[in-house]
Amino acid sequence: MHEAISAVLTISRWELKRSLTTMGRNVLPLAVLLFLLLVLATGFAQQQGVHLQDGMYAMATDSPDLAAVIADDPRFRVTLVEANAMPGGGAFDLAVIGGRIAVAETDRAQAALAAFARDYARYETWVYTRQDDLFAAYPLWIDEIPVKSELDFRATQQGQAVGAVPPRGAPPVPEGTVEVVATPAASLALAADDLRSGLAASAAEDPQVSRYAGVLTADSPDLAFKTPSQLAPPLPFDSIILIFVFIFPLYFTSQFFMMSIMNERVDRKGEVLLTTPARPWQIIAGKALPYLALMLAVSLVLTLANGAPVAIMLPLLPVILFFVAFALFIGMVSRSFKELSFLSIFFSTVATSYLFFPSIFANVHVISLISPLTLIVLQVQGEAVGAMEYLYATALFWLTSAVLVALCTANFTEERLFTSTRLLSTVRAFVGSALSLCRPHLSVFCAAACTIPFVFMAQLMLLVVLFNLPMPLSLVTLLLGAAFVEECAKAVPLYALARKAPGVLTWPRIATLGAAIALGFLAGEKALLFATLAQISESVFGAVLFTSLQALWLPLSLHFVGVLITGAVVRAGGRRALLPGILAASLVHSLYNLGIILGWAA
Amino acid sequence: MTLRHVALIARKELRGLARERTIVFAVLLQLFIAMFSSFLMVGLATLYDPDAVAGFSSTRYAVGYAGSDSGLREILEESRDFRVYPMDLSTAVAALKERTLNAVIWVPATPPDAAEPVTITLYTVQNDIQASVVTVKIKGVLVDYEQELRAVRADRLTAQPVEVAIPASAGGENFYEFVFGLLIPLLVFMPAIISAALIIDLICEEYQHGTLETLMATPVTFASMLWGKVAACLALVPVQAGAWLLLLAANGIAVRNAAPILLHVTAGSLILILIGALCALHYRERTAAQFIFSTGIVAVVLVVLALPANPLNLIVRLAIGAIGPEHWLVLAATAGGALLLACITGRYADRVGGVGRDRILQEQR
Numbered sequence: 001m002h003e004a005i006s007a008v009l010t011i012s013r014w015e016l017k018r019s020l021t022t023m024g025r026n027v028l029p030l031a032v033l034l035f036l037l038l039v040l041a042t043g044f045a046q047q048q049g050v051h052l053q054d055g056m057y058a059m060a061t062d063s064p065d066l067a068a069v070i071a072d073d074p075r076f077r078v079t080l081v082e083a084n085a086m087p088g089g090g091a092f093d094l095a096v097i098g099g100r101i102a103v104a105e106t107d108r109a110q111a112a113l114a115a116f117a118r119d120y121a122r123y124e125t126w127v128y129t130r131q132d133d134l135f136a137a138y139p140l141w142i143d144e145i146p147v148k149s150e151l152d153f154r155a156t157q158q159g160q161a162v163g164a165v166p167p168r169g170a171p172p173v174p175e176g177t178v179e180v181v182a183t184p185a186a187s188l189a190l191a192a193d194d195l196r197s198g199l200a201a202s203a204a205e206d207p208q209v210s211r212y213a214g215v216l217t218a219d220s221p222d223l224a225f226k227t228p229s230q231l232a233p234p235l236p237f238d239s240i241i242l243i244f245v246f247i248f249p250l251y252f253t254s255q256f257f258m259m260s261i262m263n264e265r266v267d268r269k270g271e272v273l274l275t276t277p278a279r280p281w282q283i284i285a286g287k288a289l290p291y292l293a294l295m296l297a298v299s300l301v302l303t304l305a306n307g308a309p310v311a312i313m314l315p316l317l318p319v320i321l322f323f324v325a326f327a328l329f330i331g332m333v334s335r336s337f338k339e340l341s342f343l344s345i346f347f348s349t350v351a352t353s354y355l356f357f358p359s360i361f362a363n364v365h366v367i368s369l370i371s372p373l374t375l376i377v378l379q380v381q382g383e384a385v386g387a388m389e390y391l392y393a394t395a396l397f398w399l400t401s402a403v404l405v406a407l408c409t410a411n412f413t414e415e416r417l418f419t420s421t422r423l424l425s426t427v428r429a430f431v432g433s434a435l436s437l438c439r440p441h442l443s444v445f446c447a448a449a450c451t452i453p454f455v456f457m458a459q460l461m462l463l464v465v466l467f468n469l470p471m472p473l474s475l476v477t478l479l480l481g482a483a484f485v486e487e488c489a490k491a492v493p494l495y496a497l498a499r500k501a502p503g504v505l506t507w508p509r510i511a512t513l514g515a516a517i518a519l520g521f522l523a524g525e526k527a528l529l530f531a532t533l534a535q536i537s538e539s540v541f542g543a544v545l546f547t548s549l550q551a552l553w554l555p556l557s558l559h560f561v562g563v564l565i566t567g568a569v570v571r572a573g574g575r576r577a578l579l580p581g582i583l584a585a586s587l588v589h590s591l592y593n594l595g596i597i598l599g600w601a602a
Numbered sequence: 603m604t605l606r607h608v609a610l611i612a613r614k615e616l617r618g619l620a621r622e623r624t625i626v627f628a629v630l631l632q633l634f635i636a637m638f639s640s641f642l643m644v645g646l647a648t649l650y651d652p653d654a655v656a657g658f659s660s661t662r663y664a665v666g667y668a669g670s671d672s673g674l675r676e677i678l679e680e681s682r683d684f685r686v687y688p689m690d691l692s693t694a695v696a697a698l699k700e701r702t703l704n705a706v707i708w709v710p711a712t713p714p715d716a717a718e719p720v721t722i723t724l725y726t727v728q729n730d731i732q733a734s735v736v737t738v739k740i741k742g743v744l745v746d747y748e749q750e751l752r753a754v755r756a757d758r759l760t761a762q763p764v765e766v767a768i769p770a771s772a773g774g775e776n777f778y779e780f781v782f783g784l785l786i787p788l789l790v791f792m793p794a795i796i797s798a799a800l801i802i803d804l805i806c807e808e809y810q811h812g813t814l815e816t817l818m819a820t821p822v823t824f825a826s827m828l829w830g831k832v833a834a835c836l837a838l839v840p841v842q843a844g845a846w847l848l849l850l851a852a853n854g855i856a857v858r859n860a861a862p863i864l865l866h867v868t869a870g871s872l873i874l875i876l877i878g879a880l881c882a883l884h885y886r887e888r889t890a891a892q893f894i895f896s897t898g899i900v901a902v903v904l905v906v907l908a909l910p911a912n913p914l915n916l917i918v919r920l921a922i923g924a925i926g927p928e929h930w931l932v933l934a935a936t937a938g939g940a941l942l943l944a945c946i947t948g949r950y951a952d953r954v955g956g957v958g959r960d961r962i963l964q965e966q967r
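Keeping their order, the protein sequence lines are chains A and B.
So in our numbering, spot 409 of the first sequence is number 409, and the numbers just go up one at a time.
Position in the second sequence (first residue = 1) + 602 = our numbering.
In case anyone wonders, no lab produced these hints; they're calculated from the structure.
Among the clues, some could well be false.
[What the hints assert, rightly or not] Here are the simulated SDA-like pairs of lysine to any residue, each with C-alpha atoms no more than 25 Å apart in a straight line:
| # | chain 1 | residue 1 | chain 2 | residue 2 |
| --- | --- | --- | --- | --- |
| 1 | B | K614 | B | Q810 |
| 2 | B | K699 | A | G574 |
| 3 | A | K17 | A | R422 |
| 4 | A | K148 | B | M689 |
| 5 | B | K699 | B | G742 |
| 6 | A | K269 | A | V427 |
| 7 | A | K17 | B | H884 |
| 8 | A | K269 | B | T813 |
| 9 | B | K699 | A | I5 |
| 10 | B | K699 | A | A186 |
| 11 | B | K699 | A | K17 |
| 12 | A | K17 | B | T897 |
| 13 | A | K500 | A | R422 |
| 14 | A | K500 | A | C438 |
| 15 | A | K269 | B | L817 |
| 16 | B | K614 | B | T823 |
| 17 | B | K699 | A | A278 |
| 18 | B | K699 | A | K500 |
| 19 | A | K17 | A | I5 |
| 20 | B | K614 | A | K17 |
All chains should be built: construct the whole structure from the sequences, respecting the hints.
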């Protein structure tokens, strides 16, 4: 054990030294220079302002005051005209003459009007904050209190719109217990001067910048009272800022690891490493360690720099491992740099969506908890996250990372590293070499069980995408999609084995292997479902995704029939028949699921 | 360097892209994004302007009203957006938690003309999309009530802003600014970034896979190899950008001046591609070249955005038809810059091309 760890550390040192010397000599001076340039460019852009939307709208006015106010907004091209002279000819989007606005009948003019209205509100604030009697200018102040209300899947399941409006005249009667809410104070707890400076500050800053800057830190207490125009709606989309802060740097650093793996494959450079006594897992661990440490360090620095709780490192850890595992995989399967680029862009988009979209529903819907990002949102809000929730949100990330790393370790051989084939064939060969020909049944059983975390991830992604559709449509598409994903996953070990040893797929073998795959799939599904997804599996969506839980023999025979169909079609039609086989199996699978849901079986 | 060889290399690279089906991933990506499109449109538009969420809803919302009677209650009851239920505060908040109410307002007994302000407490559901819509609608009512109170206290004000009667808008205008002012320049310039990253891959591949030497043994020169790759990457840009414009048109977003926009994008992306090519020629190694390029490009884009009448701004103005022929001047300047950079790249390629060949031969020995 001691020797194994020292081998890992040696390889880490090599990796570090190599990347530092190659990067250090050539890249570092220029990188420092570029960083300085970047700082200068940021300063320049801040000073000059971003000129993306300059001159979009044309406005004419007869009021010099107003012209001066609006001219501050670069979106407008302002022309000062003589009093009460209405300009014609459609040259202007807006004409403000004698306190009245004429708007051209175009979309652009409507947009110009909205921009004008916001500028005008800013101008009003500017005038009013200079009043001696602040409470004459701002007579209304609002204390906004958010109330927590979390839905579970049953709300959408009942088919009614959430928050349906009760009938006129009869106020709604709460079903649960009524907790006593203290009567709010009728006066402001703050001095007028504090409010005045707060107003001036909020008028000066860009509301869009400040709202996103404020996501990571709690509101300061002087913001407790607002004027009506300061009210900003609470926005679930704000969690995207977490993606930018925490996930993009991870994606960026994982690129280096990806390239390091790819570089070993170029020109058979990695042959040296393979001839050392170090075993594949030691090489992979050794190469990954510096990057893993870098990612952890970057995350920790970002966490501390943003004043977020350090506990958010816990949900970030499986995400970091997930990125490292996929970087390893992509680095090992890409044929060329082009493919590497496109694969990594594709992966990062899908992974980002998986992380981001559920977290939109943080505090709203339990589905949000399938994303570790939701845990981060909750932790930033200062809420406790339980062990169950942690397991629920991160289990799939831990498991998929583990399976991927294991798969890559099994394939970290000369044969796989230095040959390049089409992506799908490579993946098939990867799975193939993880299977043993001596114990085919046991290995397909294990392989089928290992596909489960990926299947769940794909299905949850489907759930997130589709549950926003109107009710019958969302169920039907989910039904078809879920069946297709499962049949694909089950076809993978069978097909990989068939291609590895072409003679293996005899008719009796299809039956026995199919049974092993069905058993493995069911075992994996059972094990993971009880551990994590109890909340979803109780709802009707869960019924669609995981119908397999009522009785054991029913789902087992369903999985068996599915594999059998795929296997038979492939056996009869050759390897080109794989897709039709999977489609046929999915159709049968969907019909069965539909039958269960509609109660045909009962 | 002959044109025939340049075309040959360009065709080879484009065929390679098609064969590896990497382009399939690009298409998959577009489809994937399109799957979210309605969600994304609403989502991104509200990121851009939170008030826009109210435009997506037209139902009546239930508001619990607690505390003293006031002018606010009248405004709420007159509004078409709300149904008002006078209630006890605790009951109302409990109903809000169960979402049978959308918001609860508590109003104190402060008279409208009092010296102190009227302090209202507003309860909404935390972090919820519907609560966002409700807040925006209530905001409108509160602004009206603020004006009413301000009118009551008007004799205490010393100055009034220039009066302008702003007509009610038809809605959807925030969407317009978001789509034309942000989304379109972003979408049409994305292919430029992709192509610039692509040329780094193409050039580094020749160095790192050792295929450059084989290529140099053919009548193809180093320069025609380079320009062939540049041509292949450049050719992809107007195709991809044009595809985005067509997709937008299919979604009912009519972009004007498509041809000049594509010219601007192509000229601008030539500059980015040449910067990428320079990085690749200098480092001959993908990690370093991509790293330096992606850092450098952020600085370049920031500086360009800070300049008035920059190509991105011109694309916005062209797309909405808010610019005259003066944009041709900027196009000429961009094209001139690209040509200058092309000369520099050519010189640099001549220098490193020869050296690179010697070094490869040396390494072979």
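Verification of the hints:
Among the hinted pairs, K614/B with Q810/B is consistent with the structure: their alpha-carbon atoms are about 18 Å apart, no more than 25 Å. Between K699/B and G574/A the alpha-carbon distance is near 59 Å, which puts this suggested pair outside the 25 Å criterion. Proximity of K17/A to R422/A is assessed by CA-CA distance (about 33 Å); at most 25 Å being required, the pair is judged violated. Taking the CA atoms of K148/A and M689/B, the gap is near 20 Å; set against the 25 Å cutoff, the hint holds.
Straight-line distance between C-alpha atoms of K699/B and G742/B comes to about 23 Å, which keeps the hinted pair within the 25 Å bound. Straight-line distance between C-alpha atoms of K269/A and V427/A comes to about 22 Å, which keeps the hinted pair within the 25 Å bound. For the given pair, K17/A sits about 22 Å from H884/B by alpha-carbon distance, which is consistent with the 25 Å threshold. Proximity of K269/A to T813/B is assessed by CA-CA distance (about 15 Å); at most 25 Å being required, the pair is judged to hold.
Taken as a hint, the K699/B and I5/A pair is broken in the structure, with Cα atoms around 54 Å apart against an allowance of 25 Å. A threshold of 25 Å between alpha carbons decides the hint, and for K699/B with A186/A the separation of about 24 Å falls inside it, so the pair holds. Only pairs whose Cα atoms come within 25 Å are accepted, and K699/B paired with K17/A is rejected, the gap being roughly 58 Å. With a C-alpha separation of about 23 Å, the suggested pairing of K17/A with T897/B holds against the 25 Å cut-off.
Distance hint between K500/A and R422/A is fulfilled; the C-alpha atoms sit about 16 Å from each other, no more than 25 Å. Among the hinted pairs, K500/A with C438/A is consistent with the structure: their alpha-carbon atoms are about 13 Å apart, no more than 25 Å. A C-alpha spacing of about 22 Å is found between K269/A and L817/B, which places the hinted pair at or below 25 Å, so the restraint holds. Proximity of K614/B to T823/B is assessed by CA-CA distance (about 15 Å); at most 25 Å being required, the pair is judged to hold.
A hinted pair counts as satisfied when its Cα atoms are at most 25 Å apart, and K699/B with A278/A does not qualify at roughly 60 Å. Among the hinted pairs, K699/B with K500/A is inconsistent with the structure: their alpha-carbon atoms are about 59 Å apart, more than 25 Å. Distance hint between K17/A and I5/A is fulfilled; the C-alpha atoms sit about 18 Å from each other, no more than 25 Å. A distance of roughly 37 Å separates the Cα atoms of K614/B and K17/A; the hinted pair therefore is violated under the 25 Å criterion.
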